[in-house]
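Chains as they are written, first to last, in this note's numbering: chain A, 94 to 230; chain Y, 94 to 230; chain F, 94 to 230; chain W, 94 to 230; chain B, 94 to 230; chain H, 94 to 230.
Please keep in mind that the hints were generated in silico from the structure rather than gathered at the bench. The model shown is predicted, which means the values in this text are computed figures rather than measured ones. Warning: the hint list may mix true and false statements.
You can't tell identical chains apart in this list, so a pair holds if it fits in one copy or across any two.
[Said to hold, decoys possible] Listed below are the simulated BS3-like cross-link pairs for lysine-lysine, each with C-alpha atoms no more than 25 Å apart in a straight line: (1) Lys-223 / Lys-187; (2) Lys-223 / Lys-147; (3) Lys-121 / Lys-147.
Spelled out from the first residue to the last, the chains are:
There are 6 protein chains.
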Amino acid sequence: MTTNTLVEYADASAEVRAVYDDIMATRKTDWINNFWKAMAQDPATLKRTWESIKQIMAPGALDALTKELIYVAVSVTNNCNYCIASHTTSAVKKGMTPAMFKELQAVIGMANETNKLVTGYQVVIDEQFKLPFGAGK
Amino acid sequence: MTTNTLVEYADASAEVRAVYDDIMATRKTDWINNFWKAMAQDPATLKRTWESIKQIMAPGALDALTKELIYVAVSVTNNCNYCIASHTTSAVKKGMTPAMFKELQAVIGMANETNKLVTGYQVVIDEQFKLPFGAGK
Amino acid sequence: MTTNTLVEYADASAEVRAVYDDIMATRKTDWINNFWKAMAQDPATLKRTWESIKQIMAPGALDALTKELIYVAVSVTNNCNYCIASHTTSAVKKGMTPAMFKELQAVIGMANETNKLVTGYQVVIDEQFKLPFGAGK
Amino acid sequence: MTTNTLVEYADASAEVRAVYDDIMATRKTDWINNFWKAMAQDPATLKRTWESIKQIMAPGALDALTKELIYVAVSVTNNCNYCIASHTTSAVKKGMTPAMFKELQAVIGMANETNKLVTGYQVVIDEQFKLPFGAGK
Amino acid sequence: MTTNTLVEYADASAEVRAVYDDIMATRKTDWINNFWKAMAQDPATLKRTWESIKQIMAPGALDALTKELIYVAVSVTNNCNYCIASHTTSAVKKGMTPAMFKELQAVIGMANETNKLVTGYQVVIDEQFKLPFGAGK
Amino acid sequence: MTTNTLVEYADASAEVRAVYDDIMATRKTDWINNFWKAMAQDPATLKRTWESIKQIMAPGALDALTKELIYVAVSVTNNCNYCIASHTTSAVKKGMTPAMFKELQAVIGMANETNKLVTGYQVVIDEQFKLPFGAGK
């Protein structure tokens, strides 16, 4: 079975190009990466995913760089090489210095360690810890 | 087999109390949580883990709140309930507002989604993405 | 810090109620579960998440039950108890029999086992295996 | 230390060949993939693993294609590249169309997202959700 | 939908009782745990799973205690509370002392940390490291 | 942005060389692997990580080989290719035979399977299972 694996701008429908244009305008880039080209095989998926990312990654209570650092933290924990490369690059573009990078990785590493220590010891949650918002009763 | 599961301050050796005191002084708290009480069963582990956390979580190129947000991101991705409760509380103490919390969770959720989309599609890493520092050749 | 953790229908804004109504109409239920009530703390998140779920879980090339089975498979692999309970219930509503449930769990278990066997042995991918759609070159 | 990494049919013992023959007969193929060749280093492991897979993946209450889709869902969630390539190929052989593939990936992605949203918000399980079969009391 | 969730010995078929008897004889216990009672809903699954466990966990090149330690390491990394309780108990029965337990958890924690450090830095594998057996070329 | 990705011995500061020397002395090797060279970009990280590893991996209640087997088990479960190659090599150096390797992988695979079976069935923890040390009440 053959498929068009990545949808290049030149081959894209008007619907897809509209999304590509919005990505480039929002991110101030002049190229489309392979992730979006793969998603573009289904224009509805491309649109929905881009609209979500656009909303979620826009600076808000957290600034854009902080959001990229969080994205890297998840991607490293999940061992996703594409996302690590993509979002580390993005973080650098948004201002991550080598010092920030090293501190970020140190926190990710330590969090993974203590997550497992607490799990292995089956430590009971202290009363003093507040459950996050929306926990329910 | 019975064990002393959590080492209370009152029952702690001088070596362990020294660490407990440093934790409370550094974190400006007057109590020791169950995680540290569990680690204290082996004073060497307690000391090593605390010294690492103390170093890693100190404000630096990244401020203390940003480090907690990263810690929460890893803990949610790893599904560690103790750490989620503990570090969400800590983040609130360090200034995380409800708006920040919601944005944090939205990024964590979206990152987990795109990590898997990229994996399911086996997308090849673009040349333009810079590998992180220390990648090697 | 206190927060409104779950947004009950009675307390919801018109914007949130509109989404709640759509959820109940689409799913043919007369109640809103805790997940949506938690998301509703941020109406934009609620709307975006619901619209995505609605699109993605609608019957298409894959029918609704098959989509729930996949959802359960991911939730079990990720160890998400809320999602396991929620989507197992949903799958039963959509026609999953006990026999289907047991086969589903057997596949999930076996897939997790062979995923790790192949990883531990670092087996090289055979030429004959076609990379998924959108893999890129 | 050197080892025979993959056991080729030509070099296999009668015991291993018997399993290889059964794999090819059951799957209607004329070749053995690297995973089985790796397992074959221990004939007992090869036999046990094949017998389990044969039982579990046989069409039953769930058809063969549905079982492959579940296998892909787990493999993507676990980030196992070998299994993704192997089982995506298998799913295509069993009838997965590009449309099914895209819907499958969309569900996997969304499930990973909502798994984490629910975890980050620590949402309590609703009474109305039925625990799966075999949950115990 | 109601189901018989756990199959008690008293209610079990002869086929299931045969497996229960073998479990108790092999493990030198006089009771069946909830995991096996859940699996027993499908006698074929029960038999296949027990036969695999019996084969895999029998003392061999690795002794029984070492195998339990490995089982705990996987269960902690996967955050599976049932398995952590079950296999930690089993390890204690087979000779794990508190000192061994603490060292085990320390290794699990550290391994999780360095796994992520290496991933975050995208470190390239050194030539000197031998790929495991069965890696293929 | 350019960075010195790996810190070679020849280019290392006295502080870093001191750690490199200790690694080689402790491990009886005459080279430094890429992981340490990457960590060395931040001497404090290098020192802290090495001191932890040195403490944790030293033979104690568990011998050195057992600790490597546990490290491999975690690394396989986490799908960390660098660590799998590195620690499998290390385990071989410390005495892991092919027979041990195969048994190790079989346990890892089976543990991953039963972890998910128990999760999918949401099996309740039996009273008879002792919670690990440090669980708290």
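Okay, the hints, checked on the actual structure:
| no. | hint | in the structure |
| --- | --- | --- |
| 1 | Lys-223 / Lys-187 | between (33 Å within a copy, 14 Å between copies) |
| 2 | Lys-223 / Lys-147 | between (31 Å within a copy, 22 Å between copies) |
| 3 | Lys-121 / Lys-147 | within (13 Å within a copy, 31 Å between copies) |
Violated hints are absent here; each numbered hint is respected by the structure.
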